[in-house]
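**Q** Read off the chains here:
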Amino acid sequence: MEKSSSAKQSKQLMSTLPGDDVRQIMWRFSDRYDLQMVVQSTREVARGVVANLVANGARNTHDWTPEKATILTAFDEAGLTQVFMDPEDGGFIEGPKNLALGLVAFELSWVDGGAATSSLASNLGLSPIHEKGTPEQRSKYMKMAVPPQPGEDRQIKRGAFALTEPLPFVGVDTGVVSGKLRIDSWEEGQEPLLQVEKRGRFITNMGFADFVTVAVDSDDERIKGSCMVILEEGDPGLYDRGTPTQKMVHQLSSTRDPAFNLKISADRIIGGYTVKDGVIIPKYSHAEIIDSVFRRTRVPVGIMSSAKLLSAPEPIIRYHRQRFRGGATTSPGSPRFDLGLQQKDDCLQRLVDVWAAGEAGAALGFYSARMFDDFDAIEKEKDQIFAEQGIKGRAQLKVFRKVQQGALEYLTMKTRPAEEQDTARLQELENDTLTQFLIMDSLANVFCPAGKLWNTGHGATILREAVSLMGGYGITEDCPGFLGQKWMDAQLEATYEGPEAVQRRQLSITMTNELFLFQFRQWIGDLRRIASTHPDSGACTLASAMNLWLWTLEYLQKTDDANGKPLFHSSRHGVVFPFADALCWLLASRCQILDMLELEAKGPENPVVAEGLEGYVNFFSDLCHVQAARAAGEVGRICAELAYGYHGHPHWDDEDRENCFEAESLDALDSIMPGIGSYGRGLGDTIEADGSHNEKAGPCAKSCRSGFVKLRARLDVCMTGSRLSKDRAAEALTQVMIPEALDYPR
Amino acid sequence: MSGGFHIVVCGSLVPDPLQTLEPMEGPTGPALKNEMMLPAVLDPWAGHALFEAAQLAKNVPDSKVWLVSLGPKAKLQQLMMSIAQKVSFELVAIDGSAGGFTDPFDVAATLADTIDKIEGLDRTRLLLFGGCASASRDSGVTMQMVAERLDIVDQFLAVDKLTVSSDGALEVLERIEAGQYQVSSCAGAPAMLGWATGSLPEPPNNPQVGMMNMRTVMPALQKAQAAEVGIGGLKYAAVELPKQRRETRVVKDTPAEEIAQEIVDWLKA
Ligand SMILES: Cc1cc2nc3c(=O)[nH]c(=O)nc-3n(C[C@H](O)[C@H](O)[C@H](O)COP(=O)(O)OP(=O)(O)OC[C@H]3O[C@@H](n4cnc5c(N)ncnc54)[C@H](O)[C@@H]3O)c2cc1C
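Chain order of the listed sequences is W and U. Residue 1 is where the first sequence starts when you use this note's numbering, and the numbers rise one by one after that. Residue 1001 is where the second sequence starts when you use this note's numbering, and the numbers rise one by one after that.
No wet-lab data here; the hints were simulated from the structure. A portion of the hints provided could be inaccurate.
[As the list claims (entries may be wrong)] Here are the simulated lysine-lysine pairs, PhoX-like style, with alpha carbons at most 25 Å apart:
hint	chain 1	residue 1	chain 2	residue 2
1	W	LYS263	W	LYS247
2	W	LYS11	W	LYS143
3	W	LYS392	W	LYS402
4	U	LYS1073	U	LYS1117
5	W	LYS565	W	LYS702
6	W	LYS602	U	LYS1073
7	U	LYS1033	W	LYS11
8	W	LYS602	U	LYS1223
9	W	LYS263	W	LYS140
10	U	LYS1033	U	LYS1235
11	W	LYS602	U	LYS1117
12	U	LYS1064	U	LYS1117
Work out the full structure, taking the sequences as your base and the hints as a guide.
**A** Next up, the structure:
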C-alpha cells in the first residue's frame, strides 16, 4: 500500500462557536462601534419579532398583513431604517454605508431573507434618489423616509423601486422599457407637467410603499430618452398597488404587480433635466441610474445567502448530537448519546462543506462591501472632476483610455523593489484621482457581480445540503433555524436585482479588463507567499487554480472552435458564462483566506479572542483549505471542458489516423526490439492490418495543449493535504461547544 | 428635594444563559469551561435595576445614571454594544474577573471604592441600585456590603417597585414569601435598592442612544483600572450545576384554566 507522507496531527481544536469578537476582526469592523451596535440592534429585531413571525406561520400568506407590518415598525424603532441615511438627513452613521447595510442584511437574513428584503427594498426605493437625485430630491425623500423623532408629528414614508415590467417587457434585459413618459402640459416659465404610465411586475414593498421610483422611456418627442421618476401616492391619477404576487419565498416581504397612470411635475425626474430647443433632456438615463444603484445594492443580497449558510451549523450540530437521546438503548455518557449522528463521518464532512461555503461567501461579500465603502469617496471625486471639466458620456471613456495606461504603469511600478521605483511618478499616479478610480473600478466591476452570482447561486445549492443534514425535519416549517425556508428563499436572492445571467454577462466583460487581470496576477504571487508560511491554508492550491484559469483565458481568447468561430466572445455564453463562474470560486476562496489571516494577525489584540485564537485559526484555516480544493476542482473541470470541449473528437477514418500506430510497423519492429509490438499497442491507438482498432469514439485527441496539461496536473497534485484539513475540521465539529438551545425565536 | 437623584447602578455581565455552562477546575480554582469565549449578557437583575434607574432619571429632573461594571474589559466593551443602546448612562468600568466564583467581599470592596471616587457624585442624593442577586456570582450579598461600605443604611432587597413622592420620599415594594410584598417608606436618598424584576420591559435597542453613550463609554473602558478580584481566600468543596428538569410541552390554544389545573395537580402530586 502506498504510504502518504506524514501529517502533523493534534492541532488545537476550536472550542466554541465564533462570536462577535471574532467576526468583527474577520470582517474588519472591530473599531467601528456604530456598526457593532447596528449588528446588535438588528439581531434583536431578527431573532425577536421576525423569528416569532416565522415560527407562528406568518409566511403562509401572500398578503401583506398587519402582523408582517410590525417588522417595519421594529426596524424603525431599532434604528435600522436610518442606517441608510446620512446624519444630515436623520441617520447616525457617518460616511459610506455599504458595510453597514451588508451587516444588517446578514443579521436579518440569519433568520429570514424576506425580512432582509423588506429592509433592503426600502433602501432600493431611495437609492436612485440617493445616488443621482438633485439635492432637493435627496433632502426631501431621505427626510420623509426617516422615522419621526420625538415631538415630530408626521408619518414615515416608505419607498419601492419599479424597473421590472409585465411580460413581454423589462426582465433580465432592462434596455427596452415600456413605461411611458409624456408631456401633459407645459406653460411658459412653469415646470412642465408630465403624464407617467408604468406597469410593474414583482415590485417589492408595493403593499405599503408611499412613493415609487420608476424607470420610464420617452413617448414624446419633447422628452429625450429614458429616465427615472418619482411617483407618490396622492399624485393625481391611478396609483394601483395591484395584486400580491403568489410567490413561494420571502413571504415576509410584500411583492405586487402595480399599475400607475399619474400626473407629476417634471421636478420628479431623478437628477433633474435641462431644456434644449424645447426638448426636456433628463440628466440621467434610467440605465445610468440603475447601474450606479445596483452595483451597490447587489452586494448585500450576496451576503444574505451566505448568512443563511453560516446560520446552519449550530442547529445542525445540535440536531446531530441529540438525535438518539431519550431512547431506551442510548444511555448518557455513551458516544451514541453524546455525539449522536456526529459519529457518522458523512454528517461531519458535509457540514464542513456547508460551513466552508458560508465562510467564503461572507468573506467575498464583506470584502466587496468594504471595497465599495472606499470606492464611494473616490467615485464622487471622479464625478466632480468630470462635472467641473464638463466631460460627459463617451468623452469620459476617451479620457479613461488614456488614464488606463497610467494605471497599468502605476500597478507595474508598485511591484518593483523600492530602489527601482520612480518615486515622484509613483506619487503622482497615487494622487491622481482618475488613475486610482480606474483601478478600483476594475475590481468593483468584478467583485459586485461575483458576490451576487456565486453567493446566491452556489449558496442555494449548498443550502440544500444543509437541509438534507436535518433529514425530514429539514423540510418542515418548524425545522430549527428555518433551514427549509432559507433554502427556498435563496432562489429568489439569485433572481432579483439581476438574475445569474445578468451577473455572468457583466463578468464576461469586466473579468478581461487588463487592470483587473494585472491585480489578479499579483494575487497569485501573494498567495504563494502566504502558502509558504501557511501551508495548510489552501493558498497554494488556490494559486495553482488561478494560474490555470489565466492560462485558459489566454488560450480561449486566441482560439477558434472546430467550426472556426472564436471561442471567447461576450455573446458566446457557453464559454464566457462558465468561465465567469470559475472566477467567482477563486475570488471567494481568496477572500476567505485573507479573513483567516486577519484573524490570526489581529486576534491577539483582543483578550477574549486571544484565549481561543489558535483553535479558531486552525479551524478557519482548515475550512479555507477545504474550500480552496473545492474551488480548484471546479476551476479544473470548467477549464478542461472549455479548453477541450470545442474541438472535434478525432475520427478513425480521417487524417487523425496519422496519429495512430500502424500495427504492421510495430510487428515488424518486434523482430529487432522484442516486445515493442505489445508495448506500442498499450502506449497509443493502433490500427491493425485489417483496419480494425479498439472500440471507442476515435483515436485520443492529442495533448497539444501541453501547457494546460502541465498546469492541470499540477493543480490536481496541489490538492494534497486538503482532505486532511477536512478531517480536522470535521473533528472540530464534534468537540465544539454549542449553546443549549437556539437563540431564536426569542 | 433639591436636585434629582444620582443613581449608581452596579451591574456586570454573566454568560448567556443559553450557553452550556460546565464547571471545571481552573488554575486558581473553579471556573466555567471556555467562560471567556462564551457570549455574555447583562446580569438580568442588574439589567432590571438599570432600566428602572433610567426610567426614574427620566421622570425626576436633574437626575443622572452611572453604571458601575466590574468585568473583563474586552467583554464589557462587547456588552456595551447592546446595553448602551437601550438607556442613557455614564459607564464606570473596572477591569477584572466577572467569573461566577469570585469572592463577593472583594467585589463589594472594589465597587464601593470605585463609587466613592466617582467625580461629581453627590452622596446625599445617591440611590445605589443593583440586582438582588447575580445570575452567576453571588447569593444576594454584594449590594448590602457595598451599601454598608458607603454608609447607606436604608437597604431594600428584591425590589419590584419604587415610587418617589414629590418631596423625594421613597415607597418601596420588596418581595417576600408567597407572592406578597412588603411596603416600606423611606425619607429619601441615600438608599440602596437591590432589584428583582421591577416592572419595565427591556427597552429596544436604539443606535442613536448608543452613539450618544459611546462618547463616554469608550473613554471609560480605556481608563478602566485593573482590580484584583478573584476567588480570594474562599475554598470550594465542590461545584456543580444545579440539576435542571425541563419538561416542556407546546400545546397550542390550551385554555388558561386547564393549564392552571395541570400545575395544581402537579404540585399536589
Ligand atoms: C419576489 C420578487 C421581488 C422582486 N422585486 C423587484 C423590485 O422591487 N423591483 C423590480 O424592478 N423588480 C423586482 N423583481 C423582478 C426581478 O428583478 C426579475 O424577476 C428579474 O430581473 C428577472 O426578470 P424576469 O423574471 O423577467 O426573467 P426573464 O427576463 O424572463 O429571464 C428568465 C431567465 O432567462 C435567461 N435570460 C433572460 N435574458 C437573458 C439574457 N439576456 N442573457 C442570458 N440569459 C437570459 C436567464 O436564465 C433568466 O434567469 C422581483 C422579483 C421577484 C420574484
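**Q** Hint by hint, say whether it matches the structure.
**A** For each hint, the structure was consulted:
Taking the CA atoms of W/LYS263 and W/LYS247, the gap is about 31 Å. The hint is violated against a cut of 25 Å. Distance check on the hinted pair: W/LYS11 and W/LYS143 sit about 54 Å apart at the alpha-carbon level, beyond 25 Å; violated. The hinted pair formed by W/LYS392 and W/LYS402 meets the criterion: a straight-line CA distance of about 16 Å does not exceed 25 Å. For the hint linking U/LYS1073 to U/LYS1117, the alpha-carbon distance of about 19 Å falls within 25 Å, and the restraint holds.
Annotation: proposed proximity of W/LYS565 to W/LYS702 holds, straight-line Cα distance about 21 Å (limit 25 Å). Straight-line distance between C-alpha atoms of W/LYS602 and U/LYS1073 comes to about 17 Å, which keeps the hinted pair within the 25 Å bound. Proposed proximity of U/LYS1033 and W/LYS11 is supported: the alpha carbons are some 19 Å apart, at most 25 Å. Between W/LYS602 and U/LYS1223, the direct Cα distance comes to roughly 22 Å. Compliance with the 25 Å bound is thereby established for this hinted pair.
Only pairs whose Cα atoms come within 25 Å are accepted, and W/LYS263 paired with W/LYS140 is accepted, the gap being roughly 19 Å. Taking the CA atoms of U/LYS1033 and U/LYS1235, the gap is about 19 Å. The hint holds against a cut of 25 Å. Proximity of W/LYS602 to U/LYS1117 is assessed by CA-CA distance (about 35 Å); at most 25 Å being required, the pair is judged violated. Our distance criterion of 25 Å between C-alpha atoms is met by U/LYS1064 and U/LYS1117, whose separation comes to about 16 Å.
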